[in-house]
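Put the two chains together into one complex, using the hints given.
Those protein sequence lines, which keep their order, are chains A and B.
FYI, the numbering for the first sequence is 1 to 479, going by this note's numbering.
FYI, the numbering for the second sequence is 1 to 443, going by this note's numbering.
If you are wondering where the hints come from, they were derived from the structure by calculation, not from laboratory data.
Mixed in with the good hints, there may be bad ones.
In silico SDA-like cross-links for lysine to any residue, where the CA-CA straight-line distance does not exceed 25 angstroms [as the list claims (entries may be wrong)]:
id: 1; chain 1: B; residue 1: K307; chain 2: A; residue 2: A129
id: 2; chain 1: B; residue 1: K307; chain 2: A; residue 2: S38
id: 3; chain 1: A; residue 1: K478; chain 2: B; residue 2: G440
id: 4; chain 1: A; residue 1: K225; chain 2: B; residue 2: R359
id: 5; chain 1: B; residue 1: K307; chain 2: B; residue 2: D93
Some, not all, of what chain B presents toward chain A, calculated at C-beta under 10 angstroms [said to hold, decoys possible]:
id: 6; residue: N67
id: 7; residue: H68
id: 8; residue: A85
id: 9; residue: V90
id: 10; residue: D93
id: 11; residue: V129
id: 12; residue: L136
id: 13; residue: S179
id: 14; residue: A246
id: 15; residue: F249
id: 16; residue: P363
id: 17; residue: N374
id: 18; residue: L391
All values reported here derive from a predicted model rather than from experimental measurement.
Here a beta-carbon is modelled for each residue, glycine too, at the ideal position from N, C-alpha and C.
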Amino acid sequence: MFDHAATAVEAALEAGAVYADARYLEARSETIEVFNGSVRQLDRIESAGVGVRALLGSSWGFFGTHDLSSRGLRAAGHRAAEIAEASAAVPGDPFQLADVSVVEAEYETPHEESLFEVPLSEKVDLLIAVTSALQEVDEISLARASLGGWDTHKWFVSSQGHRIHQHLVETGGGFDATVVGDDETQVRSYPQSFGQYETGGFEVVRRWDFLANASRIADEAAALKSAPQCPQGEMTLILESSQLALQIHESVGHAIELDRILGWEAAFAGTSHLQLERLGEHRYGSDLMNITADATLPGALGTFGFDDEGTPAQRVPIVDQGIWVGVLSGRDSAALAGIPPGGMVRADGYARLPMVRMTNVGLSPGDSSLEEMIAETQRGVLMSTNRSWSIDDRRLNFQFGCQIGWEIENGVLGRMVKNPTYTGITPNFWAQLDMLAAEPEWVHWGTPNCGKGQPMQVAHTGHSASPGRFAEVRVGVKG
Amino acid sequence: MNPATNAAERVIELVGDRAEAEAFVQIGRTELTRFANSFIHQNVGEDYVNVRVRVASEARVAAVTGNHADDEALAALVDDALTVAATQPVDPDWPGVAPAMDLAPTDFAAPSTVEATPGQRAEVVSDFVEAGSGYLAAGYCDTDWFDSGFANSAGHVASSRGSRATIDGIHQTGESAGSGHQTSTAMESLDGVATGSLAGDRARRGLNAFDLTPDEYEVVLGPEAVATIAIFLGFYGFNGKAHNEAQSFAELGAVQFDERITLVDDPLGEAALASPFDVEGTPKLHHVLVDGGVTEMLVHDRRSAKKAGVETTGHGWSGSASHGPMATHLVVNPGSDSIDEMIAAVDRGVYVAAFNYCRILDPKTQVVTGLTRNGTFMIENGAITGAVTNLRFTQSFLNAWGPGNVLAVGDDLRYADCDFGAGLVRAPSMRLTSWNFTGGAGG
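Just chain B, with the same shape it has in the complex (with noise of 0.2 angstroms):
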């Protein structure tokens, strides 16, 4: 058992018998370098303890969260728990702690992040950096690890250990910029030269950019992109909550996406950034959400399963009371279709790096709004003759992904930054018929 494993269960002894409890535990050390201006600017760390307390007394409940795991100051935390628990009204969707079950501990961390440096993080800035042939670089490599221990009252115990790491960046020629992602559990394997090479081949590409008229275009959307598309849809759409109170537009079997749309959540795979377990400790396991353009199931932590009347998915976060479970390991499923040949099958059309600050505007619609961002072209008669200012998009993203709407999907996948972070998506590029762009860099 790790650290965070032996304060979950030094939680559920000092609770004792005064009440359902669980304590979800994680202690790990998280450091970021980032640089601006292409040099390190701003290099951080943190050795962190996250110690979350959630009782149940008659159905009176109450969460703390403390960051110090001493016995000390878990009896602290418990102490308080049960007093704010106590003057609580009963909360008649109150699901009760999850049944004691076998879950083996498991080890997903790679030893490279856990024993990052800062000169290692350095040497993956400095190779994205000089990668851009001179263009000013932004971005930031970061390493994180975590020992996760989770307990209950109901004698269910379980504990893991994970990693990740990151090189993210743009370069700028101060008219145009580039960018390039890469995320991996182990910092061995993260590239800052090919990562760096990207963004700088983006950045230079979007060089004498022009204002293309808004209107609707065909578009090739690069990982990025597709990865947002696919987390608003997981946390507006397949979030149990959501879908319990109306606001979802998910129809379970019925037929919402293009036929080439699977869309999974898999937090064990190969490459998955693991998390074998949800802050309820449910086992995670491999949920197909959309199968060859089906709604197949939603996600759930246990208050939303109690209220649907089926089992939770093990989506339960800190939030997920208030915003409803999420699908944190989504996976757009791969096609056939390469890059070159996508951008081969476009007479005219635009092709998209990633987004920027998305917005939705209804969640049963999924009206999004949005711009592009860090490599936006145009594509003419199968190839990309030249940059494209910014744009702004007011797009549903369901209907984006709609039946007849997907022409292809890519070969590429990837972990792919999206607009709610990294490591939360791996996703390819693809190929849609349309996207509804209301806006350019003149408004």
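Chain A extracted, bound-state conformation (with noise of 0.2 angstroms):
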């Protein structure tokens, strides 16, 4: 297999490139969702092909083929080198890469039962009886499940001699719960908001018991409807971990790439509040703050082997007791910031030109709990599970909206209350950590659709947080 990478990287540098990689892949996914009780998509794609790029001057060129045969790798090498030949009318200062070892290796992904290998029957009657678990509660107009998975043979190649084989498994899935008002919709969903999705088999659908959690999220949609709104003003929230999850995704994970970092996302994606210069001394939040970016950790969603440019999964300090200390990055990246190559370039498939992706970024356990972050507040609201989320082209100005709420007085959890929202800046907001739950409340979290590039590109990323309480902040906004 690794012939139809080496065939597209040999016509690449024989067309001019002066480095060039490729990667030949074998990927297959499949999707089941159950509506009310009926399936109501049943999809699986498969797709075979490679990717071939090409570094000359300051660009690099790329292109993707489904043509397997000799002419047609051949004929992509040679387009790519062609492609980022044509970058020289409008050209850059030309690119390094930095050095990383040249490996020969295996990774697969470790995984007890493959998702294609349960019975198609079986994991239907699963959803089915989510969805008909769901709607045993009257409220429940819309009561959807759903899982899938991929699994994906990636061989890469590169001109310094790279020759990596990984066979990646994730799996995952989750169902939600819907009540439709006069003039509203409230929805609850479990693991969390698109499901929860990690590598590994059809084990990991299994370990979060999907039936033995239905009918507590059903109650809760149904109690939505008559809650009260979230109420308005600045006091101490508490995020449950999922919800700290996609905070950390959305105001760290991005703003920490290096590519936004240096502009190369600008038009679309955006740049970064974040200065290159000032890294190792930028306050980024509380001291109890601590984030990592780990693709070696075992069941999360980010973890790999080897990233899409054949550098090592690794595990890089990003913020240390508050302290902006690193960044997520690649070869051409690392090199002109003059730092080590993180490994976190990913690409979507084969057609797509491997881009600065997470791997894992996620809040090192504190130690406290949420049960003491309750007692310990006197006003506030706890808010859980992901409904909206929206932030600024510099990862600064934030408002999402969540699920579910609670209302904390005098440290006791309180009503439910329904549309709770918050808004805040990213460093302001990371300033007010003031409590973080410890390991048994620490959960890796997984992102299946995190969007990035043009053409778009949809990478898997892992983050991994406990609940967490912020002090003064502005909830509750409303439309």
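Encoded structure:
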């Protein structure tokens, strides 16, 4: 299988590339969705192809092809170099690539039970049972359950001599219950919005035990319809761990992407409020804030053996006791910044150019607990499970909506509230982190839908978090 | 017939009488030249094949997608689809495949897009960059052409060719940014100088921006901002599945919008990025969704139409079973006011070039939060008097276009980038009575 990639690399070099690499992918995915007891979607996608990347001067040229004939692969390599060469009409400074060890290696995601080997009937029956359980609560008008996964083989070859084969296995799912009122809809999801996905097999789905949680989620959705609105004002905010994971993703993970910091994503995804010259001294948050990008975490969605440049997965400190100390980088961006490459460059399938993506960007656990945070809060709101998310192009001004909240008064969890929202400015918000739950409440949440790049690419990233408390946050923003 | 249609027909042959079946195939090439810091840094392309096969064996339904169109690959795809379908429970909402009908092959592709070279895209980028007078430029120029083919077991066959080309980018001064955008079927019509000049002008005028106190302000919205409103209303509101599930605001025959609002879905008009049929083979037609403020119709695929007891409108797509049918050729009908006239009529308000990162808080009320980007300006006494730093809003899009709330619609209709992407909406500028800004750059 390495031959497909090698043929494309050789052709790119013949056409003038100073460096080339290629990935041959065989990928398959499966998605099953059940709505109100009926299978609404059962899709399988299979693909095989080669993406070849050629470096000339200041630009990458890239071409993806499904044509696996020798002629097709050679044409793709030539086209990648031709495309790169055309970039010279609007040139920049020539790229350098940071050095990495040239390796021949194998990696496979540890997994017990392939999604594709579990009988379809078993998977469908599970989802139907979940939606039936949700619909036992009268107010639930829409019960949706889904599961799915990706099974990907990658063969990577570079002109420097890399030969790496990886077999990546990712699986997950979830469900939600929706209540529709005259002028509103309310939804509750489990394990989180968009489901929970991890590296691993069908054991991930079994471990999250959808059925055992269905009635609680349905009851909560129904109760939201008559719940009071979230209070407005500045007060203490406690985020459960999946919402804090998304907060990390949006206000830390994207901001520390070196390609954004360097301006490469300015027109679309945006830039960053971080300035590279302040690496090592900029205060990102309170002393409780310790962030790492760890592509080696067992089971987390952003875990792999090697990135799509052949750099080994690694654990990189990002924020140390509130001080910004690290970035997400690849071989080109790291060379520009004068730092070691972080092994964080990945592509969405064979036909996309690899780019800087989050791995598992997580917040290390503290020493408190959710129970203790509530007990020590005079007035505040506990919010759970994301419903909406929006942040500006420098990753500073954010506003999140959650599915459900609870008032806290004098250390006691009170009424359920609906439409909870909060807003803030990234460094101010993180500076207000004053309590963080310990490891027993620490979860490796997965985000399977991270969009970035042009053409658009979707990445699978991980974000470990435990519940956290933030002081003096503006909540209850209304339209 | 094009190669995509040949592959679709071959799929139906391979299924034979074993099941109802439909195949939608696209074969094409997309290439994108991306620039940042005023140079081309990522330059990419792809030859693609996408074969989607959906089978229904006694209403047991499965869909399988592959990326090869050779006989062996198609046979494997068909076998997989049939195997999976056989394990499924009966789908009580299966609408069946589209009936056979006459639908002549069409070719809407522009030769200049089909034949576009990396060098030609680089020329457009160069024009855009140089038009910015030394500002830092970032954006992309891309070309996409594709053959589409459809066939089903009822004997319906459809075939078309289409294309799209876009130049989209910003100029940055270091403290401000301005955007420019142009989309067309034809690469030869892209004007890097004009789009780059607009972006550069907006960036220059954005210098020395101040923090405006968040509040409700009268606004003049540029085409990009208007396009985002249209696509949100379309996706969450005029979506037949959402309406079936009571999650849509739409009430047929009701006055839900200002009389100045007419919203159509126009897949075949002169300037449209033509798409004559959907993934179910249903012909796409000119549809009026809102006529002078009155909600007139919803869009449907075969499944949502069956549920609603109406005919499909040809708005199926690969994800419509889950997310519902979607109008992707929206046009906000233009008015007669120039952008200068609209600004001249504002005593105190805000001009917004584009929105960014919009997310819906509730689909029924259409309350959306997002930010302004690439050009936000203060309007005082009928003139732009200065730049404003980006603002966050939390605003019902439905109310924004509600009766009495649209003061003027511009005459500057064009393809506008929106929060869902390029090539989906043509929109003009628009003047609205009020917009609820809920936060500034400072929080």
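Okay, the hints, checked on the actual structure:
1. K307/B / A129/A: holds (23 angstroms)
2. K307/B / S38/A: With Cα atoms ~14 angstroms apart, K307/B and S38/A stay inside 25 angstroms; holds.
3. K478/A / G440/B: holds (15 angstroms)
4. K225/A / R359/B: Measuring from Cα to Cα gives roughly 21 angstroms; hence the hint holds.
5. K307/B / D93/B: Judged against 25 angstroms, a Cα distance of about 7 angstroms means the pair holds.
6. N67: Holds, about 4 angstroms.
7. H68: holds (6 angstroms)
8. A85: holds (8 angstroms)
9. V90: holds (9 angstroms)
10. D93: Nearest chain A Cβ about 6 angstroms off; hint holds.
11. V129: Check passed: Cβ of V129/B comes within 6 angstroms of chain A, closer than 10 angstroms.
12. L136: holds (7 angstroms)
13. S179: With a closest approach of 8 angstroms, the S179/B hint holds.
14. A246: Check passed: Cβ of A246/B comes within 5 angstroms of chain A, closer than 10 angstroms.
15. F249: holds (9 angstroms)
16. P363: holds (6 angstroms)
17. N374: holds (9 angstroms)
18. L391: holds (9 angstroms)
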